[in-house]
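J.: Take a look at the letters that make up each chain.
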Amino acid sequence: MRVQLAAQGVLGEGLPDWRVARAVLAGTAPYVPAAAPEPAPALLPATEHRRASASVRWALAVGEQALRACGRDSAGLATVFVSCGGDGAITHQICEALALPPHAVSPTRFHNSVHNAPAGYWSIAAHSHAPSTSLSGYHGAFAIGLLEAATQATVQARSVLLIAYDLPYPPPLHALWPVAQPFAASLLLDPPPATGAALHLELRAGAAKEGWPEALPAELRSNPAARALELFAAAARGGATRVELPYSGSSHLVVEVRP
Amino acid sequence: MAPLPITAIALASALGNGTGAATQAMRQGQSGLRRNDFLDSSLDTWIGRVPGLEDAPLGGGLAHFDCRSNRLALLGLRQDGFEAAVARAAARHGAQRVAVYIGTSSSGILEAELAFRQRDPATGALPATLRFSDTYNLYSVASFVQQRLGLHGPCCTVSAACASSAKAFAAAQRAIAAGLCDAAVVGGVETLCFTTLQGFAALELLSSRPCRPFDADRDGISIGEAAAFALLEKEAPGGETLALIGHGETADAFHMSTPHPQGLGAAQAMRDALQLAGLSPGDVDYLNLHGTGTRNNDAAENAAVCAVFGEQLTCSATKGWTGHTLGAAGAVEAVLTLLALRDGFLPGTANTRRTDPQFGIRLALETVPQPLRHTMSNSFGFGGSNCSLLFGRV
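Heads up: the protein sequence lines correspond to chains C and B, in order.
Following our numbering from start to finish, the first sequence increments by one per residue and tops out at 262.
Following our numbering from start to finish, the second sequence increments by one per residue and tops out at 400.
Possibly wrong hints are sitting among the right ones.
Claimed, not checked - Not close to chain C: a few residues of chain B, all C-beta gaps over 10 Å, as computed:
1) Gly87
2) Ala118
3) Arg215
4) Val374
Unchecked claim - Ranges of calculated distance between the beta carbons of each label pair, as one might list FRET restraints:
5) B:Ala97 <-> C:Gln159: 27 to 37 Å
6) B:Asp289 <-> C:Pro262: 26 to 36 Å
7) B:Pro287 <-> C:Thr111: 16 to 26 Å
8) C:Ala210 <-> B:Glu210: 18 to 28 Å
9) B:Glu210 <-> C:Ala57: 20 to 30 Å
10) C:Arg207 <-> B:Ala222: 56 to 66 Å
Keep in mind that the hints were calculated from the coordinates and are not lab data.
Computed from a prediction, not measured in an experiment: that's the story for all the values here.
Backbone N, C-alpha and C define an ideal beta-carbon position, used for all residues, glycine too.
Sequences are here, hints too, so could you generate the full structure?
T.: What follows is the structure, given as structure tokens:
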């Protein structure tokens, strides 16, 4: 299966956007640790910034970044959202409230707890009725999202925006899934023929070969969404290359990147 | 799209184990709902509980997956000869060519809810019984189903609220069309939990009586739990078979928990499914409504259905039989819609006495024999997530 990578977005600690990330991944600038900028998606009205959870703001901000980079509109664009852990902060708040009398849940928190909350806020803010799906995987979440987005682009012959995000859980859930750093990435995929790097995807048996970019902090690797950086490193370097991404316990996704 | 053969289906729900139990219950007018007796919940509501899950721990090599959600998934897989049908498909296509697409909205969240009651008073730590990847995480159920069936193809959890497992059918169809796999186990698994019971109570959407979809006096939902599966194959091994012939997915882009009042997104999902199948509205002869039983949801769906089909299409809502199984509802109702098609009957609308006189849709209240050619099932969820599935024969 082949799709074209029209644009991408990046949001993480020391990686505030694709421009900085590209320089780090291409080896032309050092990685400088720094807190991630507070995501302020332009799609959301200021009044919604407070109500929307952190994962919604991260997902929307990184999605917008890719669209800004190539001057595309969000309306009518199909979207695929993928996250391993979903919104741990909301799960924590709900489970804590359920454990204590009166065992009640806030209605807003409840509707924000669905895994497709970012997709819902995105479609409302973008006035988009286009198809959208929300997926979960474990350590292979990014590859699962990439394969679904590429499949949609291929079968339905339309552009698809993939948004992958994972934020660290608050304690005590953090001990269960010790992701150290927040990260979000977006990829705008076009069906061929189109401009941009060509991505050839193939699912293969067995574990993925390690390919974490040396320039990046090792602890970021525990964030499933950050696997996008292995693909982006290939795009930043410019030459044809091959990346193996973990998919599930028994398989991995091979991505051949051709500029 | 090319019609995609459906070569096996399976169901475990409040109507009993197996599709036969569900058909029999609907023919006899026996709803699966009961007064809320879920663990220590004291909410005044009715639920569609699957009996016995409390006493059926997973054993053997998959014991680490043990939680209510995966117990229910296993119960569903064991019905209707489904596991044997998957084994035959894996032998035909190769285990790496058979995918797993499971829809759920909560997976094993119940385990986290219970673990939060047992936090260490000194450190706040959770008990070691809560395991992230095997029980808590949304991917747990897809991973469990894949390992239980010994499959090695694409594997994915779709989680888009109450449209989750309907969307799993669409994703599986695309994967087969793209050549990623030759067959797919598609399903929905959702268990009762406190988040959804208390959450819908907080939204004032839980009925204190068995839910009455599309009734003039409807006043909310009854939550249920279920596991439902279908086996989709690129080619059927023999003869005429049931088939997925269309699907449509849209976003409402209106509100996080309230549908668009005229059901614009819902209507578009139905039209997209018809277009993909190359059918006209008049070609469809039964629609399984999303039909939750809330004032707003049913009114919006009535408007959407009338806009697409007029007032001639026979519809029913089956959540009065099973309860609203949330993330599993798409697969549960796909299976009920396929049973209606296969066995030639219209499922009735349990508990509903008088269709809202303001509605234009034609609602079947009783289960009656009726030969069918093309049937549709609607699923709509929070976040404005809409999905319509269209079934026929090939």
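J.: Work down the list of hints and note, for each, if the structure agrees.
T.: How the hints compare with the structure:
At the 10 Å boundary, the C-beta of glycine 87 (chain B) stays outside the reach of chain C, the nearest C-beta of that chain being 25 Å off. For alanine 118 (chain B), the shortest C-beta to C-beta distance to chain C comes to about 5 Å, within the 10 Å cut-off, and the non-interface label is violated. In this structure arginine 215 (chain B) is separated from chain C by more than 10 Å, as the shortest Cβ-Cβ distance comes to about 21 Å. Even its closest Cβ contact with chain C, about 35 Å, leaves valine 374 (chain B) beyond 10 Å, as expected for a residue assigned away from the interface.
Between alanine 97 (chain B) and glutamine 159 (chain C) the beta carbons are some 31 Å apart, a value that agrees with the proposed interval 27 to 37 Å. One distance hint, 26 to 36 Å for the beta-carbon pair aspartate 289 (chain B) and proline 262 (chain C), is violated here, with the actual separation near 48 Å. Look at proline 287 (chain B) against threonine 111 (chain C): about 38 Å separates their beta carbons, and that is not inside 16 to 26 Å. About 49 Å separates the C-beta atoms of alanine 210 (chain C) and glutamate 210 (chain B), a value inconsistent with the hinted range of 18 to 28 Å.
At about 28 Å, the CB distance of glutamate 210 (chain B) to alanine 57 (chain C) agrees with the hint of 20 to 30 Å. The beta-carbon spacing between arginine 207 (chain C) and alanine 222 (chain B), approximately 57 Å, falls within the hinted interval of 56 to 66 Å.
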